[in-house]
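*Asks:* Chains as they are written, first to last, in full-length UniProt numbering: chain A, 1 to 404; chain B, 1 to 404; chain C, 1 to 404; chain D, 1 to 404.
No lab work stands behind these hints, which were simulated from the structure alone.
Nothing false has been slipped in among the hints.
When chains are identical, the list treats them as one kind, so a pair holds in a single copy or across two.
Once the Cα atoms are required to be at most 30 Å apart in a straight line, the calculated DSS-like pairs of lysine-lysine come out as: (1) K53 - K8; (2) K328 - K8; (3) K328 - K289; (4) K397 - K289; (5) K176 - K51; (6) K176 - K53; (7) K35 - K176; (8) K8 - K51; (9) K397 - K328; (10) K53 - K35.
Quick caveat: nothing in here was measured; it's all calculated off a predicted structure.
4 protein chains.
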Amino acid sequence: MDFAYTPKVDELRAAARRFLDEEVIPVESRYQREKAEIPMWETPPVIDELKVKARERGLWNLFLPAHREGLTNLEYAPIAEITGRSPWIMPEALNCSAPDTGNMELLHHYATDAVRDRWLPPLLDGQIRSVYGMTEPDVASSDARNISTRIDIDGDDFVINGRKWWSSGAMSPRCKVAIVMGLSNPDGPRHQQQSMVVVPMDTPGIEIVRSTSVFGYADSGHGGHAEVVYRDVRVPRENLLGELHGGFAMSQARLGPGRIHHAMRLIGMAERAFDLMCERSLERFPFGKPIAEQGVFQDWVAEARMRIEQVRLLVLKTAWLMDTVGNKGAAVEISAIKVAAPQMATWVIDHAIQAHGGMGVSQDTPLAEMYEQARMLRLADGPDEVHKMSLARRELKRYRAATA
Amino acid sequence: MDFAYTPKVDELRAAARRFLDEEVIPVESRYQREKAEIPMWETPPVIDELKVKARERGLWNLFLPAHREGLTNLEYAPIAEITGRSPWIMPEALNCSAPDTGNMELLHHYATDAVRDRWLPPLLDGQIRSVYGMTEPDVASSDARNISTRIDIDGDDFVINGRKWWSSGAMSPRCKVAIVMGLSNPDGPRHQQQSMVVVPMDTPGIEIVRSTSVFGYADSGHGGHAEVVYRDVRVPRENLLGELHGGFAMSQARLGPGRIHHAMRLIGMAERAFDLMCERSLERFPFGKPIAEQGVFQDWVAEARMRIEQVRLLVLKTAWLMDTVGNKGAAVEISAIKVAAPQMATWVIDHAIQAHGGMGVSQDTPLAEMYEQARMLRLADGPDEVHKMSLARRELKRYRAATA
Amino acid sequence: MDFAYTPKVDELRAAARRFLDEEVIPVESRYQREKAEIPMWETPPVIDELKVKARERGLWNLFLPAHREGLTNLEYAPIAEITGRSPWIMPEALNCSAPDTGNMELLHHYATDAVRDRWLPPLLDGQIRSVYGMTEPDVASSDARNISTRIDIDGDDFVINGRKWWSSGAMSPRCKVAIVMGLSNPDGPRHQQQSMVVVPMDTPGIEIVRSTSVFGYADSGHGGHAEVVYRDVRVPRENLLGELHGGFAMSQARLGPGRIHHAMRLIGMAERAFDLMCERSLERFPFGKPIAEQGVFQDWVAEARMRIEQVRLLVLKTAWLMDTVGNKGAAVEISAIKVAAPQMATWVIDHAIQAHGGMGVSQDTPLAEMYEQARMLRLADGPDEVHKMSLARRELKRYRAATA
Amino acid sequence: MDFAYTPKVDELRAAARRFLDEEVIPVESRYQREKAEIPMWETPPVIDELKVKARERGLWNLFLPAHREGLTNLEYAPIAEITGRSPWIMPEALNCSAPDTGNMELLHHYATDAVRDRWLPPLLDGQIRSVYGMTEPDVASSDARNISTRIDIDGDDFVINGRKWWSSGAMSPRCKVAIVMGLSNPDGPRHQQQSMVVVPMDTPGIEIVRSTSVFGYADSGHGGHAEVVYRDVRVPRENLLGELHGGFAMSQARLGPGRIHHAMRLIGMAERAFDLMCERSLERFPFGKPIAEQGVFQDWVAEARMRIEQVRLLVLKTAWLMDTVGNKGAAVEISAIKVAAPQMATWVIDHAIQAHGGMGVSQDTPLAEMYEQARMLRLADGPDEVHKMSLARRELKRYRAATA
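Bound conformation, chain A alone (with noise of 0.2 Å):
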């Protein structure tokens, strides 16, 4: 295990906390402010002046391991969680946010070149966002086999028909496309049951019904999450991603690194309500001293710290797996993180709220929203509970070999 940050990496730290400091934490009451003018669901202006700053100081598409300097899952890690301290507008700046890294990553592997070419160039240059289709209202689709949307093969086309929601980014009139993924073989061996296929935004047939709120946040910043029906929406077959029947293990794949990037957007998150907490028990004197000698508040601040530590750990640990031994070799901490990270992010923020008072709800301080979003990375991508219980099976299957 070496974790240690090379030199081009702390190079990007630095770069990535200047841009931090000089240009997002001061616009973000601008950005909260445009958000409430302009028409729902539009990206606030200030979002693409960051962009040009961004990508004019080299911070441009990071997360992309065939991009550029090409860093790896250890290298982006830190730079993700810096993101993290202004989830609705870092990662966005530095074309960095979910869920277009991992479309951009699906259609740089798996594309054909013709779709590839139309769609990958305007996304990385951050000129239109994207769609991934995958959980369904209707079924449990923590268990992707549970999935029912239909891809089904008619002469040169794939044609589609189901309901998805939570395509977060979907209300955006930027969003130009979607990653589908669906039922293309039914009768098929379990993990051969599903294909992906790239899906236009304005092809015939797809209705944007609503959009699901998370709490009393829509999100309009970022387009939403989005419910969506496909009718007999047809695409040609060079729009499908990788084999056919072989999107489960895409779906996988495209996880590991994402999980890398919520954690550590979330330990910034975390982190950024730490700062916050402390600085506000250094100014609050209710009961004659200030909030900060109080000692349940200095246990909040004690627990906060080494909750903090270990998860960025256990984090860094995982990344540098995935990069040395691959997802496979990295199955159990890539579930772990995925537990941990959004249970030590809700914790530390809540407390941060507490201490803040009536103050911690509203919207003047980021740690409201902030814990919607940590809460909601509880469920995204599958409950807790799923994991762990994924987690436990392959931690019982070495026991179970050696009493076998």
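Start from chain A and add chains B, C and D according to the hints.
*Replies:* For chains B, C and D alone, kept in the frame of chain A given last:
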């Protein structure tokens, strides 16, 4: 300790439950729809229809001991629990919602005849709403002695200057009157520094600045949570409530019943969440068997049931103590339910959310918004930590006396 | 729900409390000293002295509904709580200690006249002790159906073969009789497979193998926890309790009151720990102020008080339900207190230990040994998880019926 | 951060693991048997046999940086983890057990030549044992400044008067020497008040009063935890360690590596408990399927794995920091692992106990005794709360500086 429900209470409970099931639950989606369509801060029309129906059924102003049959705290408690099952609709439909209930009690007991006659009848009639101006943004107001709004005597008038926030309901056009607490005697003895005055909302000098949200929710149907500036706001001396400089004692007296109401409504919310989670668990089959048969979920059900039962008994005991030995004799218990009820409710609702997957955080169930309500109550009227400290000090006093 | 203590109960409570304070607490160190000096497994002489005194004060066999004044479960509960404050001495001094209480009830209700006349009087007199042979080392006996000890009918006799452990008290030379549960009808319907028989401890074929300890404690003053082998142990048919193959129902009936007793004694232990922790907190001054004034400690005090009160109310409600609607109607609550009481008690005692520093884990306070007792009760009579599962299933049944 | 194990360490780890599996685990029951048969406080003979074998295998005194190959903290950490899997046997078999390790380091660095030559060789040879006299019964000694034992200068001698307890190992007849900390300069500056002296155990005036137990365990095989009175105990001035009045700094320096050792051994205990719990789960079938397939148990397995991994990474990082930037630079982390490791270990072991049912609390597995060890470490060397407070203050200082 005798918590048995009298026949009168059993009848009212049955009537309240019928009203909930027949009239309230069926219009919950209509309420949400209307709220989205009407101008922000207005009251959805369905509420007014329900008020008429509730009144016809004799379910009106039940909170008020002085009212009609005169329910005790213990008798009203189970009614409050039932209203908590639909917390945005049913309390208001029964004219039993905060902060109006506490305000009506203050007016009833402490207002001069003129002021009482002016404001109490329309409040008892549900024609207008009221606001309670206590919390302030600039100080740690969980310690009431920190309050900095000034109430100065000037001839025959009081002159009010200060800034309040979390003035719940004040954004509503129906909100016509405020009860404001402020510093009238800054150099007086510790609990003789504050006064309470009645302030019509159309008095010159009142500016409603904005509303704070709670986790992304505006609580628009209830008039939000306003930040209100008072600049040289002038009211006649007859608008004083109770004794001059006697505000602190009244604010404490106001708390007792309010805590019972909040706690019981939280139990109602938890029971609703429990129902939703159990029902859902029978309908979803991830990994081949219903959620209801999965061990971790059963553990949640058992924990939830144990927690709900214990808190309910504690609240009933507190109500019984208040009825029999008064607020002072129930001081430890009043602090305890302030902490225990939201703790329990957030736990139960959070697990119900988790059992619903993505749907749980969305607008498709009442769970996420209930969570927000319960979470806010860990802060409203002082953070948990303050109440635990005060409970502990009271307990330790017994031992201090013994060793002295 | 009427939990009010009658004057009779108030008198008994006062008497029990006086006995605790005047006779029991003062001899606790003598009890420990004697235990260290006498041969292992014998009863410290101070116990016999206390028995005489308790009897003189009318504090004798109070657990037994059929006894004298006949206390209900609700009436006996507060007495059991007081005995729990000195759990190794006071229950036995009042002839109210497990497993004798449950065994006496079984003998009272289900033994043939001859067997009852032989064993009940000396037990009621506190001259001998008894054992309950239920748990087995080789099976998961939290599911009673797994019990494998055989009770075969052979002419006019029963012949017992099997191995029991956690036969509490059996190491004591005073232990003269066992009630043994075993398989008499292995192919019968599910709850008609077991019988219970009375077995004198001097019957040939009984071998006491060893005692198991709990954490490091031998529980030697109470006769330890024996592992007992039964090899062709023969008793006459009149030694049957109740119906042939009716053991399961009797074992369930035995549980209800036992749960109340255990739970209330745990509350007594928690109150004792609470006292010790609060007293200690006023005497120690690390870092310049008493522990009592440190925020984290105050948080523990508040949490402890809230938890104790809630569990006590839940147990009283359970006792009241058992008295009014019977064990069946109290099934959810009986499961709940089995889990909630030890959970609460281990929490409170563990924090009291922590507040004592090194002294807390040593023999200088009763805390460490109390912790062990409370911890064992999360396992005794089935681990918590089994009871939570059964509670959950009962709850879910309501919803299942509704949706069917 | 580079935690990779060098080939040298990998070799040592493999050797240690082989020793554990081949020599230690197989004699655990023999160790328990011998302990019961020999006079209390003596060392079971099997330990001496193992010492010979360990030495032959090159597994001897590995803790000592100055020894042979000189392991760094990071290099020794994984060896310490392995020894924790059999915590009563393996550390001593490798001559790596507390408090001797810390005492040997003190003698090595701070003793005069004469004293070092007299005591270090037999300790390094494992012929004698030693004791560290720090904690006192009459004061809150988690704050070292409260220590009240006097070390007065009288001519060429030091004269010691005071009472220590938790002097671990001092009941053993092999324990021949103590390092005692006491007040030599009560009016000096805050961290210049204490001195440390070397005191042969046969010096007149030393009285060993008794041993304190931990939960029910006497820890007799390791010489218990003695209460020791020093009455006019006289040693020559050459017995001073380091600087006069410099005891505080040495006591702090002693802590760092000790924390790593304790934390890694706790991880070893947790891994052993994890193994036992997983193995057991495959063998028991309550309610028709193995415990291993029950949801609640799987949840424990996942939680345990996540917690163990996180703490291990945190300890390794701490060791690496100590090796690279020294104890001062690792201060936050040293506090953190003091709290996090026992917290994790008690959690894991407690759940392993629960999974074993009654067997878990008995002498039939090492779990109950491991629990006691881990629980004691939440108090030894200062309760968790003290370390969290100090961690928090260090964190808050950063913000204080920023706002000043």
